[in-house]
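**Q** For reference, the chains in residue letters:
There are 2 protein chains.
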Amino acid sequence: MEINHYSRHLELDCVRIDDKFWSKEIELVRKEVIPYQYNALNDNIPGAQKSYSIENFIKAAKIVQNIKENKKVETYPADKWEYTDENCDENAFHGWVFQDSDVYKWIEAAGYSLMHTYDSALKRKADEMIDIVCNAQMDNGYLDTLYIINDRDKIFTNLRDFHELYCFGHLTEGAISYYKATGDKKLLNAAIKFADLICSSFGEDKRKGYPGHEIAEMALVKLYELTHSRAYLDTAKFFIEERGKKPYYFDIERDKITVEDNYFYNQAHKQPRHQHEAVGHAVRGVYLYSAMADIARFFRDDALYKACEDIWNNIENKKMYITGGIGATVDGEAFSFDYDLPNDLAYSETCASIGLIFFARRMLEIAPKSKYADVMERALYNTVLAGMAQDGKSFFYVNPLEVLPEASHKDSRKRHIKPTRQKWFSCACCPPNLARLISSLGEYCYTQNDHTLFVHLFAGGNIKTDKGSIHIRSDYTHSGEIEFDIKPNKPFTFAIRIPHWCDNPEFSSEYHEKDGYAYFRVHHNTVIQCKFEQKIKIIKCSNNVRANIGKAALSRGPFIYCFEEADNGKNLQMLSISPGSQMTYKDGFIIADGFREKPDDKLYTEYKAGVKKNCKIKLIPYYLWGNRGENEMSVYIRIV
Amino acid sequence: MEINHYSRHLELDCVRIDDKFWSKEIELVRKEVIPYQYNALNDNIPGAQKSYSIENFIKAAKIVQNIKENKKVETYPADKWEYTDENCDENAFHGWVFQDSDVYKWIEAAGYSLMHTYDSALKRKADEMIDIVCNAQMDNGYLDTLYIINDRDKIFTNLRDFHELYCFGHLTEGAISYYKATGDKKLLNAAIKFADLICSSFGEDKRKGYPGHEIAEMALVKLYELTHSRAYLDTAKFFIEERGKKPYYFDIERDKITVEDNYFYNQAHKQPRHQHEAVGHAVRGVYLYSAMADIARFFRDDALYKACEDIWNNIENKKMYITGGIGATVDGEAFSFDYDLPNDLAYSETCASIGLIFFARRMLEIAPKSKYADVMERALYNTVLAGMAQDGKSFFYVNPLEVLPEASHKDSRKRHIKPTRQKWFSCACCPPNLARLISSLGEYCYTQNDHTLFVHLFAGGNIKTDKGSIHIRSDYTHSGEIEFDIKPNKPFTFAIRIPHWCDNPEFSSEYHEKDGYAYFRVHHNTVIQCKFEQKIKIIKCSNNVRANIGKAALSRGPFIYCFEEADNGKNLQMLSISPGSQMTYKDGFIIADGFREKPDDKLYTEYKAGVKKNCKIKLIPYYLWGNRGENEMSVYIRIV
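In the order they appear, the protein sequences are chains A and B.
According to my numbering, the residues represented by the first sequence are 1 to 640, in order.
According to my numbering, the residues represented by the second sequence are 1 to 640, in order.
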């Protein structure tokens, strides 16, 4: 590995986003999503399924208090994924096994948002939330309300299925965000106390377990970066190294021996350094792969990096939708086999694409190759943004590439494909994950090392680093023009990603190109203008993907387009384009000169080519679909 | 309805099949399937899942004996679909709720087979089986081993979910077959005794229920036709009339009120005469529709016939695979919505196509329109025959039109799609159903009324009716040449179906055509030769079916063709033909001049047409697929 290329992302306090496109999304999260989620966590949304999140912390705090006072505390079973009024005692834990994490993700998003736009009312709410959380922490640092409420003796006994270490990960990420935003250490101290308990509980000669749902690894690395306390980095490394060793810890935990196949789901079938294919639950996967990249970078671990690179290539070349969606199957919310990318059965969870962005940035931090940022952009501008309605009030968990509402309603195989966004989910991982990503977008746009500052994503605004300050005016999503007004403190190298979709990048200054970046040497105040011409492109998906044979998709700049019934009528499958079809772009839409087949009367007839009429087909960016009620949608269109 | 056209099928004792194509299949059933199934029923197949069928009858006989002797009998829960060693007492009923029916279907097939080829060893086995069955009958005529063994007090209390009336139906059909074959009345008397109990238990002013899984209706009509005992016909009619009336009997049974949607599965959402779309569990559906046609015919019931015709048209025009498969979705083994005919997710149960043949013949008996026989042929020569391996030793329950073995193994949505035939099924409805259909094929080839004898399917052999005798030499599946050597007892009209796929039927005599039949007047000994030229045809599926846009299938005569990896290599999706492709037929195969695309290296690239090479594509009849181990298969091929 080329160590001198190692770079780190800019911290949010160095980046201010002020961008036509992104400011709107960030404000939507601040004004709509964060307040809505606050109400959801507090069960203040009439008609919505209860979250129980805050209730659980309050119940746990009482138990902690009773333990301190040596009062008798009850025990309830800790044996389910979801605890409901129907299946458990009213005094027991309620909600999903990972319910606590929703609170932490909200705090994390609130922290990022405060960093961007200070809001005293939001800070007050977050402080109250943090008080509620911290009251529930046990004296030894343990903090997971399921086990605190239901059964203290069972702590860390079912790492495979339950989510103590997952909740710890989100607690830590939330605490770090909030500390960086406000300087308040209360939640950070709680996270550190829990982290210390974990570091003293897991390791060689200690409990040799690792998380069933990864994220603690990434969080421990972040905590190390903040505190420089070595134990956190070592425990993260331990979790990575121990994972998948035989006999499987998850087998030992339940005192039986099983086979490798059982642990694909958790990516625990073999040691991460021996993994070369993306398998299992997609969100867990990309969280693990992100941490593997972190550890590979810190420890200059070539074999682990090789595993990351192989997994990356497997995702990018064989398991990723054109929209940057990953995890093709509802079956275990998982990566499917190579080239299995069905459009109408897609899972493509919003959170999985968010995790893919985490993984991409970490790969960029190891090696600044534009392919990572290209995928980051693909996932961000398409699947991730599609996750949220234009009004910020409803969300997609699943992001299909083809929708027929009748099928979603009538076909159990497609029941996960929702034709419109949902207000909230009982398993509400995606909306808060989306909120924290959008609010922290600045962390994904830039990385730097001692000599070079890299631009990976193009958002207008300002950045300030030791190298100097840069003002960025970006019209990236429309004209493709961006201007960097650079005021250096010292000479440095400035590297701008050349988007993969741009055939003729134009820059106002001389540059040399390497791995998809244009490198400039900056000595004094400089303005670099660049233009990435936004041509409408017809994209072909590999013929290894059965679903897309004979079809094409349209893109313009970073956006993949789709077409909806609202613009084009029913039976979208009867529309087609030809390779020479005239396409025009206007106000964000594409109008393609295409064809519409006349519906066939009979089910089976002797073959003759369909009767086609010329028609105009209107396409909209994929992320905007589903904002006009239930209707048919498709990304791919037949090309004849 | 044109009453003078009403016709009835010929009985098996009037028909002798002696045909190059069909005799082989009938012999396979006689020599392989019937003996194998006998062993399966007796749990004599090492390694196979236990059937428990005979065991249950023996257990039930003991209970019946104990009741007679006033001995104490135990009670066990009768509350499950499947009773296993794990979930029930060893003395209780075992197997599926409809386990008895496997025995009856075997007896039915054995009866037909004996009629065709007498076999004293088979008769002895069947007689023993019948003794075992009859010993289990209760004094009042009741005969369903689940309730006899587990709980006599619960008889007829859960018609919706359990299968007493279904098992009665198969008992009756088996008994009639065996009586007609052998003249032995023992099983027939048992069926009559059970039928009498049912007729005295159900009806106006009695229990107003009807079967959850239809077939009793058809069986009661058959019993009426044999015995002319009016109660059987009236009870069949009652079941049809009462079905779907509100409040729903199935609701009353469980003392709660539900909505229409709940009873689509059982076709009990509304009265059959008000049903106009094929919905719910496909096998149940076609069994009901068959009985509706029976009742419409007997009672000259125009409204009921209209419902049958509407349902038929819905199936034929919107819900039937090109292979004659129906029931597109695994979800409830059901008809899906209009035009939802996915190839790689198809359910298309063998039994459903068998039931479609039942329905088709009954529609033919009302009105001799070739469309019914065309569908009968389509289902028979494709899906039904595909249900059985070439050696008669393994079977398909599900008949997909596209198979990728990796998907079947790895994708839960496709787990029902088996890439090779199975030895036996725990739910073993299809193999015995297939055995009874093939063995009784003669009942589906011909119908007659007072003045006309109709030929619907073309199998060589002899028929004898009051109109005279006919010797048929058929080379239908190869040259398409058939010769009818007719020796009439009296002048009559002879009607030969003109297959829908034949553009230029040739007949040696003058005829007039009506509704797809060529009508001949036969006065004296006559030879009619006909030729249905077997052209290879490229078939287009309606563009309303999303799965087949841009694709075509090939057929020749009654056979739909498919192409397999064994002949054409992996990645069948990369093969294509053009509308002008040269096709040649040789020895049952089609060789098409087509194209093979070079696999794309990258997942997403700017569009350009794939690089294609000319290649030969070998296609085999669909019913032969899967006889050479696991491999890719597809019926549809891209057409460019």
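Calculated directly from the structure, the hints in this document are not laboratory data.
Heads up, some of the hints might be wrong.
Same chains, same label: a pair holds when it works inside one copy or across any pair of copies.
[Claimed, not checked] Calculated pairs, DSBU-like style, for lysine-lysine (alpha carbon to alpha carbon, straight line, at most 30 angstroms):
(1) 490 with 423
(2) 602 with 537
(3) 369 with 608
(4) 410 with 270
(5) 616 with 62
(6) 80 with 62
(7) 514 with 68
(8) 598 with 608
(9) 245 with 306
(10) 318 with 602
Being a predicted model, the structure only gives us computed values, none of them experimental.
**Q** Each hint: holds or not?
**A** Hints, verified against the model:
1. Taking the closest pair of Cα atoms, residue 490 and residue 423 never come within 30 angstroms of each other, the shortest separation being 50 angstroms inside a single copy and 77 angstroms across copies.
2. In this assembly of identical chains, residue 602 and residue 537 lie within 30 angstroms of each other by CA distance solely across copies; the values are 16 angstroms between and 36 angstroms within a copy.
3. For the homomeric pair residue 369 and residue 608, the shortest alpha-carbon distance between copies (26 angstroms) is at most 30 angstroms, but the shortest distance inside one copy (49 angstroms) is not.
4. For the identical chains of this complex, residue 410 and residue 270 are inter-copy neighbours only, at 19 angstroms across copies versus 39 angstroms inside a copy, given an alpha-carbon limit of 30 angstroms.
5. Taking the shortest Cα distances, residue 616 and residue 62 never come within 30 angstroms of each other, neither inside one copy (64 angstroms) nor across copies (76 angstroms).
6. Only within a single protomer do residue 80 and residue 62 lie at most 30 angstroms apart by alpha-carbon distance; the minimum there is 22 angstroms, versus 44 angstroms between protomers.
7. Proximity of residue 514 to residue 68 under the C-alpha cut-off of 30 angstroms is found in neither arrangement, the shortest distances being 61 angstroms within a copy and 93 angstroms between copies.
8. For a Cα distance limit of 30 angstroms, the shortest separation of residue 598 from residue 608 qualifies both inside one copy, at 13 angstroms, and across copies, at 26 angstroms.
9. With identical chains, the CA atoms of residue 245 and residue 306 are at most 30 angstroms apart within one copy only, with a shortest distance of 19 angstroms there and 67 angstroms across copies.
10. In this assembly of identical chains, residue 318 and residue 602 lie within 30 angstroms of each other by CA distance solely across copies; the values are 9 angstroms between and 38 angstroms within a copy.
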